[in-house]
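Participant: If you want the building blocks of each chain, they are given just below.
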Amino acid sequence: MASLKVSELQKHFESGPHRVDVLKGISFQMKGAESLAVTGPSGSGKSTLLHCVGTLTHPSSGSVEIDARNPFDLPEPELARFRNRRIGFVFQDPYLLPQYSLLENVLIPAMAYSSEADGAMERAMELIRNVRLEHRLHHRPAELSGGERQRAAVARALMNRPALLLCDEPTGSLDRSTAQVVADLLFELHRAEENILIVVTHSLELASRFPTSMELQEGRCVEA
Amino acid sequence: MRRSLIYFWRMNLAVALGSAVTAAVLTGALVVGDSMRGSLRQITLDRLGGVDHILLSGRFFREELAEDVSTSDRFRDRFLAAAPAIVLEGTAIGADSERRARNVRVYGIDERFFEVYGEEAESFFESDAGDARSMFPSAVINASLQGRLSIQQGDSILVSFPQPSDVHSEYVLGSRDPVSLTGAVRLTVERTIPDSGIGRFGLELHQSVPLNLFVPLSVLQRSTGRQGRANSLLISGTPEGEGGNLLREVLREALRLQDLPLTIRTESADLILESREMVIPPRLEQTALRAVEEQGLSSRRVLTHLANTIRAGDRSIPYSIVSALEFPVGGDFSSLRLTDGQPAQPPAPDEIYLNAWAAEELRLQPGETVELTYYVIGPQEQLETETRRFQFKGAASMDGLGADRTLTPEIPGIHEAANMADWDPPVPIDLSRIRPRDEEYWDRFGPAPKAFLAYQTGLDLWETRFGRVTSIRIDAGDEPQDSVSVRFRQALLETLQPDEAGFSFQPVKEQGLKASGGATDFGVLFFGFSFFLIASAALLVGLLFSLGVEQRVREVGLLLAAGYPLKSVQRRFLTEGALIAGAGAVAGLVGAVAYARVMIFGLETWWSSAVGPAFLSLHVSPMTLGAGYLLSLVVVAASIWWSVRRLAKIPATTLLAGSMGGSSPGRASGGARVLAYAAGSSALALLGFALVTGATDSVGLFFGIGVSLLLGGLAFFSLWMRSRRHAPIRPDSLGIPLRIAARNSARHPGRSLLSAALVACASFVIVAVGANRQEPGLELQGKDSGAGGFSLVGQSDIPLPQNLSESGGRFELGFPDDDSERLDGVEIIPLRLRPGNDVSCLNLYQVENPRILGVPDRMIERGGFQFQQTLGEQANPWRLLETDLGPGIIPAFADANSARWVLHRGLGEELLLESDRGEAVKIRLVGLLRRSIFQSELLISQDNFLKLFPGLAGHSYFLIDAPIEEKEEVSALLERNLGDFGFEAESVLLVLSNYLAVENTYLSTFQTLGGLGLLLGTLGLAIVLVRNIMERRAELATLRAFGYRRSKLAWMVVAESGFLLVLGVALGTASALAAVAPQLIGAAAPVPWVGLAATLLAVIVVGLASGIVAVRITLRTPLLPALRAE
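Taken in sequence, the protein lines are chains A and B.
Take the position in the first sequence, starting the count at 1, then add 15; the result is the number in our numbering.
Take the position in the second sequence, starting the count at 1, then add 58; the result is the number in our numbering.
Any given hint could turn out to be false.
Derived pair list, reagent style EDC-like, types lysine to aspartate or glutamate, alpha-carbon separation capped at 16 Å [what the hints assert, rightly or not]: (1) B:1025 x B:877; (2) B:1106 x A:93; (3) A:39 x A:230; (4) B:1005 x B:1042; (5) B:572 x B:877; (6) B:1106 x A:91.
If you only want the chain B side, here are some residues facing chain A, beta carbon under 8 Å, derived [to be verified]: (7) 786; (8) 788; (9) 801; (10) 802; (11) 804; (12) 805; (13) 1092; (14) 1093; (15) 1096; (16) 1097; (17) 1099; (18) 1100; (19) 1101; (20) 1102; (21) 1103; (22) 1106.
By construction, these hints were calculated from the structure, which means they are not laboratory data.
Ideal Cβ positions, reconstructed from N, Cα and C, are used throughout, including at glycine.
Kindly produce the complete structure, drawing on both the sequences and the hints.
Facilitator: Pasting the structure below:
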């Protein structure tokens, strides 16, 4: 079963002569099939926390262990491979590649290491069915609605069966009903895949659906 | 605006640099044109000095004519000085070095020359003929001749030249003796002068340095046997307006009978006008008859000839003079009276009178048959014997015309002989046939004719291109002969127009300065060569400026949102752009001079085959700089406007979001689909047509196929990018990176299409140009090649009257038997040459008076060579030269390249030419030869040649068909035996290589500059790449989030750019190869594939390298911020 352990995570940025402390010692741990909502005001460090957990940003101190392994110990190429195999992302903007069809967009994570992508087509088709977009298989992103694009982004994030699904404001740019549909889908697939789900959101409505939530203020966890 | 300019200084600097490159290349190309024109102008002024007009005559005249002309009041009003000179072309041989130089310009000059040229004469010739210090007369040579002969000061040289002769060597009684045709003088080289100023003096329009040799006028007068005479008159002055007409008038007034080849004899009852040339030139004959008529006098024409035999039955008389007389109605001529005292009646065409002596000798009775045997000139210009039968009409008494030796002009070798046995005429005679009775006749009557024909009969037998009258006898009537003589002489000179006697002034300086505009405008040429460089630089400016606009896209959005009108925002950016571009272009003007310097350096080194030895100097005109500046500003401004124009299509909200929008490929338009299929199928149809019909040289087909294929290919690429039915890329697909790259290129179809089109167009030009580069090789052995199946081309300074192809001719030329036999199997076709300007691409001047070759019937029958175009289809296109195009129009061939680039004439077009007799004729191009050895001249039939230039004797151009393996030996043999004639044989391969070198050099220049443009274009691609990356930062960050390594992302982006690059190169290359395919198949000449492939590979490598650098720089900035939701 997947596991995540975040210990005393700190992150600061240098801005000229000044140092900006974004995360000031965040600790928590989770295991497979668990989910967490991270809330807090703008600039509280939510996205940075997500990026550190998602190995996109190196923490200044503290550690992140995924499946009892600190991915930051890995050299850059291995870290990229690790992220590809173990972590999935959904961003506020789906960032689908406009020149590719929906199917190809979902396949993008599998194509990063195509030699290891046995059964990728079947998996993609399964996910597309699961997000109910099978009728849009060969459509380009420009031909999809906002909700459909975000569902496609969810399918893409789950392509490589990640242990960790990280979502940064996944419904932030959607209307309420569409946001509801996407959130339902996220939870449905989270339950089905039994991964660890962390969602960063401003939406209290969405956060309220999570069994666990964490509020960040000025880089610290004020409520869990 | 000032703050914006400063704040975005990096981007603005880049735009300014792009603008500077545009201005530098564009203006630089124009400066090259200025420099070429300026240099040619400088050479013209340098070589002519103060000489403005030149009279160059085929005949010698009194050297005092110069003084007579220059002392005229009218002359002094407009001109400064006149100088006589002898100008010849010959061969020089270094006595010690034994090195030989052909085409040496030999000038006989004296102090008057320096007055005209405008230089100090002192110490030019320190010693004159007979100087004790040197064994031979002095000569001054220029450095080029010294180099050619490898001689030093004090060395002696032997100079041979065509010996002037009064009687034309091709006239039936002219001398064909090689010795008499060649003059020679041994000289001591007194000093060498530089190849500038007088050292460069010359009348030919060519940028190369002539081989000049100057000797004192008196020396050359002695050597040519023309004491006190000259063949050229040089005039200096700065006449305004029409100086030529004034000079002609002054000359007409100054001409004396002694300047003409005419003499007046008064030793008979009639006044007799004769010519030193034995026959009176036709135009002078007409002038004389006009003068006779104006003076109210009567005249009769006489044509006298030498008969080898007058035979009646078994009796004959050897070597007799026969005269054909006009029997005019009226006039009291000293008449031909018969033995019965009656005046002779005009004979019928088949009737002949003999004088009493001859009639008695042959014991003739009226009505009996008389045979006349005489020499004529055959079709190959060889002496032939003809016999004609007449009916004896009567015997003339041995007085009056019956025994009048003045009917016979002075025949060299005969007239001065005391006895017939001493005859040494220019034609072969058998002295053993001369009997004592003949000597008696000679003693009593000298060269008095023994037979008389009607004048018209004489014309039928003996009229030649040199004339139809040996004398005009004018009836003095009762008036004293002296008085008639004075009256007639005056009337003749007043009636005579100088050009009728072959005296016409050429405004050489005016012609030279006009021609220094150049056969090709090098400004336009280098503008064309630099086109891709200019286009790439302009595109670069546009792309850089777009990048700058994109950097400030939020600012634009804000201004629009704040209520600024779009036009005002656009104007603001345009003004900024114009200021930046203007500043850059100012710097570019300095670069323009540097660019021009580099191009000139290139023309004098790498591309020297195109323009010859170094002569170019930089000429910068403020006007050109101004024009270049404005032109480049317009180009750059247009490019900037194109960037700013896009703002109108983007909503303010999109701009405020920091986007330029438009990232989604649209649907393919119906027009693109139609264009793709129409262009593709028309390319295939045209290609098929070209291959089936063999139309290998059509420019229309070349562009038709090439442009159709290029357009079709680009339209298909556009359709593909906008297609929704791409084969899906799956993890198990083959060539995923390439497929991803190809698909990524569809992200911005317009941008990708533009990039691919630029590369494709440049590649098209580079390949098409490169495939046209040809090196002469084995294909030249064919009769239908540019060499016509000949292996050698020979030229001689002194025309040969003898036929080299025949052993008889070679014997007369002094070939030893062994050498002559060696040539038995070698076909040599002699052509006549009228000297003129070189009209090949080797000559940079815009010339009008070309060298002309007269093609003999043998060559016309033989055919051969390859034609690019002909007027009318014929099995043997050479027959077109025999076409009658009406009066005053002569059919001619030219090499296609010379016609197009130097003469600027096409098939069927005409150029004007002046004949020997001063008549203007039109030369119409009826055939264009393809890459032939005849690029320096025009070809007309020999018949027409002789009509236009009757005064030119012999052959000085030879096409030699020797087996390839023997050509060296044949060449050496001919040069050895014909050295005195200045004969030189060159391999056709070398001749064609020299011509092709020009063509290939221009192609190289175009390729080099086109390649540079393409390289600059690849920088544009790199900028496109940077823009793509900046636009797609969030997508790339997403891919990073999904585990794509940075290197993989870089590779994907570079591969996308590489895909466009390779696609463009492939499309351009394929289109170019298809376009030139028919031509390549037709030419069967090797194409420099390796060089072409290397150029294209270099373009791809540099393109990829610049892409990699761009990607590395761009991807160095963190991508993750693009993913932040806040």
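Participant: Would you settle whether the hint for residue 1093 (chain B) is holds or violated, based on the nearest Cβ-Cβ distance to chain A being less than 8 Å?
Facilitator: holds, 5 Å
Participant: Given the hint that residue 1106 (chain B) pairs with residue 93 (chain A), does the C-alpha gap stay at or below 16 Å?
Facilitator: holds, 13 Å
Participant: Please verify whether residue 572 (chain B) and residue 877 (chain B) have alpha carbons no more than 16 Å apart.
Facilitator: violated, 49 Å
Participant: Restraint: residue 1092 (chain B) near chain A, CB-CB cut 8 Å. Satisfied or not?
Facilitator: holds, 5 Å
Participant: With a cut-off of 8 Å on the beta carbons, see whether residue 786 (chain B) makes it to chain A.
Facilitator: holds, 6 Å
Participant: Does the interface hint hold: is residue 801 (chain B) within less than 8 Å of chain A, judged Cβ to Cβ?
Facilitator: holds, 5 Å
Participant: May I ask you to test the interface hint for residue 1097 (chain B) with respect to chain A, counting a Cβ-Cβ separation under 8 Å as satisfied?
Facilitator: holds, 7 Å
Participant: Identify whether the interface hint at residue 1101 (chain B) stands, where standing means a beta carbon of chain A within less than 8 Å of its own.
Facilitator: holds, 2 Å
Participant: Is residue 1005 (chain B) within 16 Å of residue 1042 (chain B), Cα to Cα?
Facilitator: violated, 28 Å
Participant: Should the interface hint for residue 1099 (chain B) be scored as holding, given a Cβ-Cβ cut-off of 8 Å against chain A?
Facilitator: Check passed: Cβ of residue 1099 (chain B) comes within 5 Å of chain A, closer than 8 Å.
Participant: Taken at face value, is the distance from the CA of residue 230 (chain A) to the CA of residue 39 (chain A) at most 16 Å?
Facilitator: holds, 13 Å
Participant: Answer holds if the nearest beta-carbon of chain A is closer than 8 Å to that of residue 805 (chain B); otherwise answer violated.
Facilitator: At 5 Å from the nearest chain A Cβ, residue 805 (chain B) passes the 8 Å test, so the hint holds.
Figure legend: structure checked against the earlier numbered hints; hints not met, in rising order: 4 and 5.
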